[in-house]
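Sequence positions in the sequence shown follow my numbering and run 1 to 448.
There could be a bad hint or two in this list.
Restricting the straight-line Cα-Cα distance to at most 30 Å, the calculated cross-link-like pairs of lysine-lysine (DSBU-like) are [unchecked claim]:
1) Lys447 <-> Lys84
2) Lys162 <-> Lys114
3) Lys114 <-> Lys127
4) Lys162 <-> Lys127
5) Lys198 <-> Lys162
6) Lys162 <-> Lys366
7) Lys28 <-> Lys162
8) Lys162 <-> Lys333
9) Lys84 <-> Lys127
10) Lys84 <-> Lys198
11) Lys198 <-> Lys447
12) Lys162 <-> Lys84
13) Lys333 <-> Lys366
14) Lys366 <-> Lys84
15) Lys198 <-> Lys366
16) Lys84 <-> Lys114
What the hints contain is simulated information worked out from the structure, not anything from laboratory work.
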Amino acid sequence: MSTPRVVVLGGGLSGLAAAYTLARAGWKHVTVVERGSQLGGLAGTFEADGHFYPLAYHHILHRDQGLLYFLDRIGALRDVRWRKVRMLFRLDGRMYDLADPVDFLRFPMSLTDKLRFVRLMTRCFIKSDWTDWHERSAAELVDEWGGPGVRQAIFDPLARLKFDRPCDEVSGAWLGARLNFREGSAPLGYIPGSNWTKVLCDGVSDLIERASVRVRAGTSVVRLVGDGDSIARVELDDGESLAADLVVSAVPTEVYRELLGESRPELEAIQYTAIVSAIFTTRQTIRPDFYWMNLASLDCNACGIFVLNSLNPTIGGSGETCLNIMSHVRSRKDTFFNQGDEQILAAYRADFRRVFGFEITPVWSKLHRLPMYSPVFFRGYRNPTLRDPRLRNVYLAGNYRTFPSIASTGTALSSGVETGTAMLADHGCTTDLPDAIGRFRLASMPKG
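Construct the complete structure from the given sequences, taking the supplied hints into account.
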């Protein structure tokens, strides 16, 4: 049976998962086009001194079914180990572990507000459907269920750190879903002896290769050639022109809009934060022990500091501590995002000194800028339709379609599966992949 010619724009996890879903169902003519030299998108890695490091922090979440399913599918889940880590909240020069009862009592918030904070967290953990909060803000949610004191002490700075925006611009549904997910209260996963995102990206790349998906890495799409209400060809920067019966756009909406060259109001409302991410290795000891520190005083250029060894003791060279110092900024046009590498690294070294009281002595450091890192889930955010409303043969995939879930490697994979499944269904084909992911459960969580 002849199957459609499908071109997937973007070799991030959403694009790879869409391609895998189609190829697994027997579709023979699937091509993935990726501008970068490696597949995986934001989950990509880089090599230094013979070791692989993430572009920015990543961890495995025990409720992230899409991610866990694919780790199992590539044979890597058995290698995952789980660790309980400390997450700190730095405020006015002091560090607080809000999961520790003593630190929670020390935190500069009234006893009444602390009780209200517990009430907020409890209500969010119980509630699973956040549809009724789509039109309301995170500020309203916290004020109504916790109180203004809780918002001002905790959630106002967190909204600034995550989105570089005030809490009243952020979706209440997104915040509620994130608190329901309880990301920081359970053990996090990693793979000893490796960088797990590389294992994932290599494994999924191997899956699609074995399924006979064609991959054009290091190649950019320069033009989408229309034919009435569809895209007929995808032109590449090396001169190749790919015939397309169907297209999956798994690139950020800004990139897709530029390729279309036309106004799309339903997509223009989607905005992305950018990230500035520096990896430092040092032989110095970092105290106290923690994995993730939110710099909630907003007195640093950085938003957070991650001690990657606290989760994965095997990352990097022997005797080295690996730090990820990073900033979420409003957009890639942000002034800090566009400063020179040395200027940004110097700012991060100053932040380190402010937090820990001594100078960092790096073995090496590496800076990355990720210009379209995460969609901003504003109050009133709605997921775009899965099918392009104007082009009958174009389908959309990506974390901008996973609201109100947290944006993660797993939701990116699941979005690609959803899009591939819809494309198959529209052409009389089926797949059991969504059901397999939905049924998947961890059999065990070995400590490590």
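Verification of the hints:
no. : hint              : in the structure
1   : Lys447 <-> Lys84  : 9 Å, holds
2   : Lys162 <-> Lys114 : 22 Å, holds
3   : Lys114 <-> Lys127 : 20 Å, holds
4   : Lys162 <-> Lys127 : 23 Å, holds
5   : Lys198 <-> Lys162 : 25 Å, holds
6   : Lys162 <-> Lys366 : 22 Å, holds
7   : Lys28 <-> Lys162  : 41 Å, violated
8   : Lys162 <-> Lys333 : 17 Å, holds
9   : Lys84 <-> Lys127  : 25 Å, holds
10  : Lys84 <-> Lys198  : 22 Å, holds
11  : Lys198 <-> Lys447 : 21 Å, holds
12  : Lys162 <-> Lys84  : 23 Å, holds
13  : Lys333 <-> Lys366 : 21 Å, holds
14  : Lys366 <-> Lys84  : 28 Å, holds
15  : Lys198 <-> Lys366 : 17 Å, holds
16  : Lys84 <-> Lys114  : 23 Å, holds
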